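**Student:** Given next are the chains, with one letter for each unit.
Number of protein chains: 2
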Amino acid sequence: MTDVRQRTVNPSETTKSEIDNAKDQSDEEDDLAPGETTDPSTIPQGTEKTPDVLDGALKDINPRWRNWIIRGIFTWVMIFAFGFVIYMGPLALVLLVMAIQIKCFHEIILIGYIVYRSYDLPWFRTLSWYFLFASNYFFYGESLAAYFGVLLSRAEFLMPFFTYHRFISFSLYVAGLVAFVFSLVKKHYLKQFTLFGWTHVTLLIVVTQSHLIIQNIFEGLIWLLVPVSMVICNDIMAYMFGFFFGKTPLIQLSPKKTWEGFIGGALSTIVFGIVLSYGLVQFDFFVCPLRYDDIKEALSMDCERHPVFKVTEYNLPETLQCLFRIVGIPWTNMKIYPFILHSICMAIFASVIGPFGGFFASGFKRAFKIKDFGDTIPGHGGIMDRFDCQFLMATFIHVYYSSFIRVPNPTKLVQHVFTLKPEEQIQVFYMLRDRLLAKGILNGTDS
Amino acid sequence: MTDVRQRTVNPSETTKSEIDNAKDQSDEEDDLAPGETTDPSTIPQGTEKTPDVLDGALKDINPRWRNWIIRGIFTWVMIFAFGFVIYMGPLALVLLVMAIQIKCFHEIILIGYIVYRSYDLPWFRTLSWYFLFASNYFFYGESLAAYFGVLLSRAEFLMPFFTYHRFISFSLYVAGLVAFVFSLVKKHYLKQFTLFGWTHVTLLIVVTQSHLIIQNIFEGLIWLLVPVSMVICNDIMAYMFGFFFGKTPLIQLSPKKTWEGFIGGALSTIVFGIVLSYGLVQFDFFVCPLRYDDIKEALSMDCERHPVFKVTEYNLPETLQCLFRIVGIPWTNMKIYPFILHSICMAIFASVIGPFGGFFASGFKRAFKIKDFGDTIPGHGGIMDRFDCQFLMATFIHVYYSSFIRVPNPTKLVQHVFTLKPEEQIQVFYMLRDRLLAKGILNGTDS
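Chains A and B are the protein sequences, given in the same order. Residue numbers are given in full-length UniProt numbering: position 282 of the first sequence equals residue 282, and the series is strictly consecutive. Residue numbers are given in full-length UniProt numbering: position 356 of the second sequence equals residue 356, and the series is strictly consecutive.
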């Protein structure tokens, strides 16, 4: 909060021409937010702040290249930091996602405060953070129960939290709702309801989707790394193709985006995705899910590989076979990791639909007349500016995984049976045996 | 839409004093919605419209009693209509919930249109209804798969919809998002994003919660009927106690609510809940879930009763036993349906927390300066006015059921095994046998 207030009194950061420009825009527009301020000096503008060391070193360079270099340096800083967290394993990544989620929530809520001039609304900040806490409590609990239920059921003192998880979460939420109703003040009804909605839409976008990311991590690191890298690759390559070859504007919302960047980005992403996937599928570390092994009684990343990570022989389609025969190559089939084929689908989504996450974010920023969501990363803007497409991509991967990749897992079903009482375990066993016998799948002598 | 436009030009419905009144209010308040109109004549005001027949019959009666009578008549009309739908069984109730959900969505979205004067926003209405469709497709599919998966897996042509359900739903949603981005028009960014948020908050409140109601229905009609009746009872009794004895105002948000009504309502609801529960638990029709019986190959409402619907003997607490001993009654235990005890918890929620759903709705209506959500039910306002507390209650019941009532269901687990391929079914069987043998739960001679 402090840094925003500082920015509002620092004239070097909002030039007069920026203000005039914003005023011109506002004349064109007949939409004004409730209590919205059109004076951009009070809204965070992504200050392009640069560490002093870099500033000194780059002061003689042409500004166009300068921003490119700063952005490039911090891209690599982020990539290396990310690499280190990957090296630390799945649980460190979960913590990273958690931290990013909190920062994104903070950035969006801060914009809400400022746009609706609601510094002084009673209890509002406390309530927003409380709802963030309550919804995270709910989602983390659900994920932990789904993936580590067997482990958690060992710790006696955790059992009530596990058994009554939904009830506790609901009580937390209802307490927040009751507090909201009590916090209502006649003068501010409209602002309070608007910000209540604002908080909930933010929770919907940030919290729910970041938990899908966490679930992707638990299915195997590759389900996080490949899509995240694809989005980054597409961002960078679209920027570079646009920078060097960009001519034809793509969409009114993001005037800097061009068709050249879009197409160059897409092709690069497909190639990059294939190469990266081929590299990662070699290592069990990336393809095996973290799970609780209840024979070894420890967390484990050993696994029988999922079929998509095993080399499989495919017959080539007839037409392709003909083509090859004509040029004298007798290829009729090929051996490939099926994951490589899936990675092509992911790359297409990342480069065709993924950018709409970014367009949506651009539209949002334009609606509220802000340049960036924050100024956390020099040359890049806020955390949310870098994650706008990641969220949509993560949801896609989650859905893609559960529709096309997930196979019913006999081991998990058996683990599920062991959450029952012993007499019910026996009951399941006999029911299953009788049904299998009746269907002739099992014959009498087997059992 | 038509009726709202009619209302805006019909002076008999918004009297001058109402307008002046609203103007006075708006002077006090410094919050104005984006493009919000403070002129109440353009916002639906709940016209207290009454069918002509009734109007004639009641014209000589004191207006205070008149509204009471109209409200009373339509309360009974609704109760009888509801009774008829119950008689038709669970699937008819699901359709009713669906219809109510659509009407509530319509009422809230209509308010959004009018408050933000967005009749002419490109594509907005179409997109709102499209998102309603997409989210319902998702939730209905999930519920159907969870409760009738075995049945659905019989119909070959439905299989792709079942297997790829999440992917189809996600694609539908993403198509809507892409359409939204393309529909953005520079002049209207702010309105468009505000209404996008409005639509999503409405979906969150109406669609998600109405699907919890549907899931409650599938667990047994009693899980719908008892809570719904409790909320109705609490509404009516609080109104009546308030009407006859009300003196002390309860909360600033709803000036008509009094402590006398609140307490009278709560006590009546507890007593009513006990009586109603005792009545309903006698019938299998109310306590058995609708499920697919894959031996009979038909939908069935026969069941082995859940333990909460079987008479159980409880030892009274020591202190109570002492008290009874002192007065010479040797009661040490009592026989009761456990559901009766649960119904007391539900009644307490319905009368203590439930009304906050109503307060929230009141605050919302005040924020946007509307009297009712619509004028669908004479004397009551819109459908949403009657369902504000029902939604919160349904969520409570859902959470309560899954935390305290649901028992792991061996039959469902076994059904789940049969969604696997035959060789995997065998695999589960042997894994289960080996584990049970290893744990000594099963001994060698059994199998």
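Mixed in with the good hints, there may be bad ones.
Where chains are identical, the list cannot tell them apart; a pair therefore holds if satisfied intra-copy or between any two copies.
With a straight-line cut-off of 27 Å between C-alpha atoms, the simulated DSSO-like cross-links for lysine-lysine are [stated by the list, open to error]:
1. Lys-103 to Lys-439
2. Lys-296 to Lys-439
3. Lys-439 to Lys-412
Hints are computed from structural coordinates only; laboratory data are not their basis. Fair warning: this is a prediction, and the values are worked out from it, not measured in the lab.
**Student:** What hint numbers does the structure not satisfy?
**Tutor:** Of the numbered hints, just 1 does not hold.
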